[in-house]
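J.: Working from the sequences, and respecting the hints, build out all of it.
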Amino acid sequence: MASVELTNVRKVYGTSVEAVKGVDIAIEDGALCVLVGPSGCGKSTLLRMIAGLESITDGTVKIGNSVVNNLGPAERDIAMVFQNYALYPHMKVYDNMAYGLRNRGMPKDQIDKRVKDAAQILELTHLLERRPKELSGGQRQRVAMGRAIVRSPKVFLFDEPLSNLDAKLRGQMRVEIKNLQRQLGVTSVYVTHDQLEAMTLADTLVVMNAGSVEQIGAPLDIYEKPASTFVASFIGAPPMNLVHVTADSTGLVLKDGTRIGAEGLAVPAAGAVIGFRPEDLEVAAGSETHIGGLLLELKVLGVEPVGAESYVYGIVGGERVVVRVAGRSISETGDNLRVIIPKEKLHLFGADGKRIPPAG
Amino acid sequence: MIQNNPIGRLIAHIILIIGILIVAFPIYYTFVASTQSLQEIMHPPLSLLPGSHFWENYSAALFGGVGRIGGVGVDRLLLNTVIMALAIAVGKIVISILSAYAIVFFRFPGRMVFFWLIFITLMLPVEVRILPTYKVMVDLGLIDTYTGLTLPLMASATATLLFRQFFMTIPGELVEAARVDGAGPWRFFKDILLPLSKTNIAALFVILFIYGWTQYLWPLLMTNRNDMTTIVIGLRKMISFADADTEWHLVMVTCILAIVPPILVVVLMQRWFVRGLVETEK
Chain Y
11 MASVELTNVR
21 KVYGTSVEAV
31 KGVDIAIEDG
41 ALCVLVGPSG
51 CGKSTLLRMI
61 AGLESITDGT
71 VKIGNSVVNN
81 LGPAERDIAM
91 VFQNYALYPH
101 MKVYDNMAYG
111 LRNRGMPKDQ
121 IDKRVKDAAQ
131 ILELTHLLER
141 RPKELSGGQR
151 QRVAMGRAIV
161 RSPKVFLFDE
171 PLSNLDAKLR
181 GQMRVEIKNL
191 QRQLGVTSVY
201 VTHDQLEAMT
211 LADTLVVMNA
221 GSVEQIGAPL
231 DIYEKPASTF
241 VASFIGAPPM
251 NLVHVTADST
261 GLVLKDGTRI
271 GAEGLAVPAA
281 GAVIGFRPED
291 LEVAAGSETH
301 IGGLLLELKV
311 LGVEPVGAES
321 YVYGIVGGER
331 VVVRVAGRSI
341 SETGDNLRVI
351 IPKEKLHLFG
361 ADGKRIPPAG
Chain R
548 MIQNNPIGRL
558 IAHIILIIGI
568 LIVAFPIYYT
578 FVASTQSLQE
588 IMHPPLSLLP
598 GSHFWENYSA
608 ALFGGVGRIG
618 GVGVDRLLLN
628 TVIMALAIAV
638 GKIVISILSA
648 YAIVFFRFPG
658 RMVFFWLIFI
668 TLMLPVEVRI
678 LPTYKVMVDL
688 GLIDTYTGLT
698 LPLMASATAT
708 LLFRQFFMTI
718 PGELVEAARV
728 DGAGPWRFFK
738 DILLPLSKTN
748 IAALFVILFI
758 YGWTQYLWPL
768 LMTNRNDMTT
778 IVIGLRKMIS
788 FADADTEWHL
798 VMVTCILAIV
808 PPILVVVLMQ
818 RWFVRGLVET
828 EK
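Chains as they are written, first to last, in this note's numbering: chain Y, 11 to 370; chain R, 548 to 829.
Hints are computed from structural coordinates only; laboratory data are not their basis. We put the CB at the ideal spot given by N, CA and C, even for glycine. There may be inaccurate statements among the hints.
Have a look at the derived ranges for each label pair, beta carbon to beta carbon [as the list claims (entries may be wrong)]:
#, chain 1, residue 1, chain 2, residue 2, range
1, R, N551, Y, K143, 26 to 36 Å
2, Y, P367, R, P732, 48 to 58 Å
3, R, P732, Y, G363, 27 to 37 Å
Stretches of chain R that chain Y covers, calculated by requiring three or more beta carbons in the stretch to come under 8 Å of a beta carbon on chain Y [as the list claims (entries may be wrong)]:
#, stretch
4, 721 to 729
5, 737 to 747
Here are the simulated DSS-like pairs of lysine-lysine, each with C-alpha atoms no more than 30 Å apart in a straight line [claimed, not checked]:
#, chain 1, residue 1, chain 2, residue 2
6, Y, K364, Y, K31
7, R, K737, Y, K164
8, Y, K364, Y, K353
9, Y, K164, Y, K118
10, R, K737, Y, K126
11, Y, K143, R, K737
12, Y, K188, Y, K123
13, Y, K72, Y, K102
14, Y, K102, R, K745
15, Y, K72, Y, K143
16, Y, K118, R, K737
17, Y, K102, Y, K123
18, R, K737, Y, K102
19, Y, K123, Y, K265
20, Y, K353, Y, K235
21, Y, K143, Y, K123
22, Y, K126, Y, K143
23, Y, K31, Y, K72
24, R, K737, Y, K123
25, Y, K188, Y, K102
26, Y, K235, Y, K31
27, Y, K265, Y, K188
28, Y, K118, R, K745
29, Y, K102, Y, K31
30, Y, K143, R, K682
31, Y, K355, Y, K265
32, Y, K364, Y, K235
T.: As structure tokens, this is what we get:
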């Protein structure tokens, strides 16, 4: 068990392709850190650099108290769970889990004990004599986890471990991974592109974009105070609505020239992006005099009832927004829907996409 | 295109039976001839049923020493050919699996150059490079040795390419999992790659064994001594231009003996062979 510390870690492919641009992350001992971002954002590369599968161009990776930059994957005392499980197809489940230990020259009885213990935890005991081919996706996933557990490493690394499972199993395994990680208390780094997975699993969430860290924090902090429009649109489903506005002497103007009513918003002269979550709004009754926030009138493009709630897709000021209303929607395609977003629920981002903290 | 009407099936079966007869009948006829005495063979028509000289002919050929090939028995020729075919098959597999391993899994300077060099040798079959190779073998004093018989035929671009294609289908994550598990290059080769390749190896072994078994031109050049020659060459030597000189019953026996080992290899390895060709175990 150990903390993991990345200091100004960079990865450059060839001479010019910068996949990871100076990342600093500190992960506490025993924490589960999730790296999330769109594909190509460098999260997997970063994980593979921690694993030692990818060389580090610049910066340092520390596991525990030692810099591991120049150690091979086997010497770093890590275990990795791969996206496609990467089980050895010709070995039985038992041998798959025992292989790494055998390579370390561990005595047979000790290996046996560890494998059996791990199998017990993961409910794999009755499958130990099978080959990976004879297992279901979820079972293979467990074996891959088992292979990591038996090594009792300092750090677990997960590379999108659930993306090959169907939705139901994914939810189930997510909970299991979380519990297991808590139970074992092993520092873990988990890479995913699924923001729901990221939100539910993480102690520390790291949102990455284009090789850089956009924001680090607790999942709910990030959800409530996204540091940029990128984070705002990436975390949360459906994502935060973003509307571009400019201010003139009389009020706020949307992209297509529509004027909107707003109270208590200080929009910089260069223009800004107003963000609001689909659920953070009320449908306007009709003739409010005091708005207390932002009043938008959107043209409904479509309605998706999903049971307990409905998503109303609309367009306002030339930009698409989505609104979540409880139960069945009263609007239909083609209607106009007036919604009010309370001031405290609004997020304001500058023209550069960075968050502007509310005054006072 | 799978039809199930009885007439179609009947026709298909008739065609197949005719095909089998065309292939099998000469072999059967050879076998029949190998059980007749020389006199019976020389006085046509030859009976279609096996004669009574089976043991006599086979033991004469195998252990008696055949006059036309310098008194060497066919047993010696069989041994030579088995050694040659085995050495070629095993040697080719060992060399090509190792070179494919290097080319696919290691990054070293000139990697693609080596790959293309190997690839280009596909255009240079034995017959094309036979004179220079022969000269080299003579200079090394390898005439009439097993080394000389097998070594020049071992380097194999085909097998290397085959293994390369197979290795490239092995997911990178598997290689990385092995690295995380602390398997060095040798361990990875021994514990992961070889077991995964065994069906391919079996299929190649069958193909290469038969390739080695049926070699004609190279053993013809490389062997002068009668006791170092292969069964195919021996067979050729046993046939004289003058019909009367040729011990046809022994020739027929040698023919059958030359056919049996490849058939055995194919039959015994058939299960592996077919699996290696149609299925990749992943």
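J.: All the hints need checking, so say for each whether the structure fits it.
T.: Now the hints, each set against the structure:
{"no.": "1", "hint": "N551(R) / K143(Y): 26 to 36 Å", "in the structure": "32 Å, holds"}
{"no.": "2", "hint": "P367(Y) / P732(R): 48 to 58 Å", "in the structure": "55 Å, holds"}
{"no.": "3", "hint": "P732(R) / G363(Y): 27 to 37 Å", "in the structure": "47 Å, violated"}
{"no.": "4", "hint": "721 to 729", "in the structure": "holds (count 8)"}
{"no.": "5", "hint": "737 to 747", "in the structure": "holds (count 4)"}
{"no.": "6", "hint": "K364(Y) / K31(Y)", "in the structure": "19 Å, holds"}
{"no.": "7", "hint": "K737(R) / K164(Y)", "in the structure": "28 Å, holds"}
{"no.": "8", "hint": "K364(Y) / K353(Y)", "in the structure": "19 Å, holds"}
{"no.": "9", "hint": "K164(Y) / K118(Y)", "in the structure": "22 Å, holds"}
{"no.": "10", "hint": "K737(R) / K126(Y)", "in the structure": "26 Å, holds"}
{"no.": "11", "hint": "K143(Y) / K737(R)", "in the structure": "21 Å, holds"}
{"no.": "12", "hint": "K188(Y) / K123(Y)", "in the structure": "24 Å, holds"}
{"no.": "13", "hint": "K72(Y) / K102(Y)", "in the structure": "35 Å, violated"}
{"no.": "14", "hint": "K102(Y) / K745(R)", "in the structure": "17 Å, holds"}
{"no.": "15", "hint": "K72(Y) / K143(Y)", "in the structure": "37 Å, violated"}
{"no.": "16", "hint": "K118(Y) / K737(R)", "in the structure": "20 Å, holds"}
{"no.": "17", "hint": "K102(Y) / K123(Y)", "in the structure": "17 Å, holds"}
{"no.": "18", "hint": "K737(R) / K102(Y)", "in the structure": "16 Å, holds"}
{"no.": "19", "hint": "K123(Y) / K265(Y)", "in the structure": "66 Å, violated"}
{"no.": "20", "hint": "K353(Y) / K235(Y)", "in the structure": "14 Å, holds"}
{"no.": "21", "hint": "K143(Y) / K123(Y)", "in the structure": "25 Å, holds"}
{"no.": "22", "hint": "K126(Y) / K143(Y)", "in the structure": "21 Å, holds"}
{"no.": "23", "hint": "K31(Y) / K72(Y)", "in the structure": "18 Å, holds"}
{"no.": "24", "hint": "K737(R) / K123(Y)", "in the structure": "26 Å, holds"}
{"no.": "25", "hint": "K188(Y) / K102(Y)", "in the structure": "27 Å, holds"}
{"no.": "26", "hint": "K235(Y) / K31(Y)", "in the structure": "24 Å, holds"}
{"no.": "27", "hint": "K265(Y) / K188(Y)", "in the structure": "44 Å, violated"}
{"no.": "28", "hint": "K118(Y) / K745(R)", "in the structure": "27 Å, holds"}
{"no.": "29", "hint": "K102(Y) / K31(Y)", "in the structure": "41 Å, violated"}
{"no.": "30", "hint": "K143(Y) / K682(R)", "in the structure": "53 Å, violated"}
{"no.": "31", "hint": "K355(Y) / K265(Y)", "in the structure": "21 Å, holds"}
{"no.": "32", "hint": "K364(Y) / K235(Y)", "in the structure": "11 Å, holds"}
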